[in-house]
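Put together the whole structure using the sequences plus the hints.
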Amino acid sequence: MHDPTALYTVAQIRDIERETLSSIPPGTLMQRAAKAAASMALSLLKPPPGSAKVLLVAGPGNNGGDALIMACLLADAGLHPTVMVCADPARQPQDAQRALERAQAVGIRLIAPSAEAIRFPVDWDLVVDGLFGIGLTRAISGPLVALVEAINALRCPVLSLDIPSGLDADNGCVVGGDDGVAVVATHTLTFIGNKPGLHTNEGRDHAGEVQVAGLDIDLSTFAPALAFLGSERLFLRHLRKRRHSSHKGSYGDVTVVGGAQGMAGAPVLSSRAAAHCGAGRVFTAFLHNPPAYDFLHPELMYRDAAQLEFHTGVVVAGPGLGTSDEARSVLERILQSDCPLVLDADALNLLSRHRDLITVVSQRAAPTMLTPHPLEAARLLQSDTHQIQADRLIAARTLAQQCNSVVILKGSGSIIATPDGSLVINPTGNPALATAGSGDVLAGMCGALLAQSLPCREAALAATWLHGHTADALVVQGVGPIGLTAGELIPAARQILNQLTEQHAQRDNPR
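Sequential numbering of the sequence shown, starting at 235, is according to this note's numbering.
If you're looking for bench data, these hints aren't it; they were derived computationally from the structure.
Ideal Cβ positions, reconstructed from N, Cα and C, are used throughout, including at glycine.
List of simulated lysine to aspartate or glutamate pairs, DMTMM-like, C-alpha gap at most 25 Å:
1) 269 with 253
2) 482 with 692
3) 280 with 357
Computed spacing ranges between beta-carbons, pair by pair:
4) 717 with 343: 43 to 53 Å
5) 609 with 439: 14 to 24 Å
6) 248 with 533: 51 to 61 Å
7) 236 with 717: 36 to 46 Å
8) 323 with 717: 46 to 56 Å
9) 412 with 324: 28 to 38 Å
Listed below in structure tokens is the structure:
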């Protein structure tokens with residue numbers, strides 16, 4: 235069965251296409267793609283669809299051919315579509331040329347991308363983007379820039395075929411960077427297999443709702459997928475309903491280490507998140523001047539980091555830690571312990587400044603997790619954020635292998651990577667998470683799940699999914715995305731975690 239969560243590179247898709255095309259009649263894949271796209275288009279139109287005004291934009295490649303065949307199928311369904319042909323017929327691939335000839339033969343209305351047409355005098359009900367596919371390597375240029383910008387200004391649904399034109403299918407960047415443009419679709423129907431660029435970096439801003447049309451190709455005979463989309467099924471079996479006979483020691487200790495002068499809020503947020511996500515006990519170790527207790531959550535135990543021995547429980551190191559010599563000394567002691575460890579924020583900055591510590595991390599036997607944002611990852615890899623974002627999957631995998639650790643590369647479509655090379659793109663979350671302290675909350679969640687004996691990879695998958703899903707749920711309730719604060723995530727995450735655990739328990743033990 236086709237797995238829509240499996241993510242394939244452009245090179246892999248091209249290999250699959252070539253092998254498939256060698257054994258089927260010409261035009262078969264185009265016909266299948268157009269049929270799937272026409273069905274989706276009809277589902278997006280308000281009834282009665284026969285009166286709908288549909289524009290299909292057909293580019294110079296096989297994506298344009300898909301759009302042309304799709305127009306013929308829509309006409310068969312009783313619609314009167316218009317196709318804007320943005321191609322020189324003499325330079326089109328053979329399948330696309332045949333598609334154009336078919337559209338002409340059945341009387342499809344064809345128009346050129348003139349300045350007047352690009353201003354869209356018609357109030358379209360649906361626009362289909364078949365301009366460029368996964369093979370685009372140069373920024374969209376010339377008059378087509380104005381066309382893409384005009385499409386993006388429309389208020390009707392926009393359905394992109396395979397990939398929003400102008401988006402890189404592998405990395406989710408707009409082709410051409412700051413000089414490029416890409417279609418902002420409300421829906422994308424991607425063909426053969428799902429693509430990583432639709433789900434990370436700028437992909438989620440451009441792809442909208444993504445569906446996969448497998449085109450009746452059996453992918454089991456081809457190379458394994460590059461990565462997978464995350465979901466709760468990847469970690470759900472590790473969530474256990476609590477036994478009546480359990481106690482606080484059953485759910486582990488978490489020690490959050492940070493709190494340099496002027497940065498006390500970060501470890502407090504991490505600690506509160508760890509407590510609300512189920513750790514049995516939570517200690518907060520401050521580098522400077524630990525408060526007597528937390529007025530809001532007095533159950534948190536505040537300590538002086540210099541006085542602590544790090545030999546039990548899980549340690550979350552870095553929130554508000556600073557990068558002083560004193561902070562480095564504390565981190566060195568932590569790295570020498572055999573505790574499961576989450577390294578976040580300033581702990582990562584210390585590793586990048588003192589690269590001998592990276593070697594220490596890579597040699598740890600205990601589970602270790604790193605939670606960098608792109609700038610922190612760039613420092614660790616001695617790169618820059620542009621290069622990290624240009625290939626987030628490879629950056630996360632490289633860092634996981636160098637540090638022998640599970641890595642959560644944060645951002646839109648966070649990447650979870652393991653030293654063995656496996657990659658997962660987290661599908662949850664929204665711009666509400668672009669707020670101070672959000673990463674501290676995630677680090678605390680990771681620590682709590684590790685303390686409750688989730689394996690390191692599954693703890694990272696669960697925490698990242700939960701963190702994003704909590705923000706999604708709050709936005710649905712009207713809390714954000716503008717103005718959501720990190721602290722608001724914490725009690726909401728507790729509720730969702732309990733719901734997940736209960737649902738899993740009921741599924742395992744139906745009565």
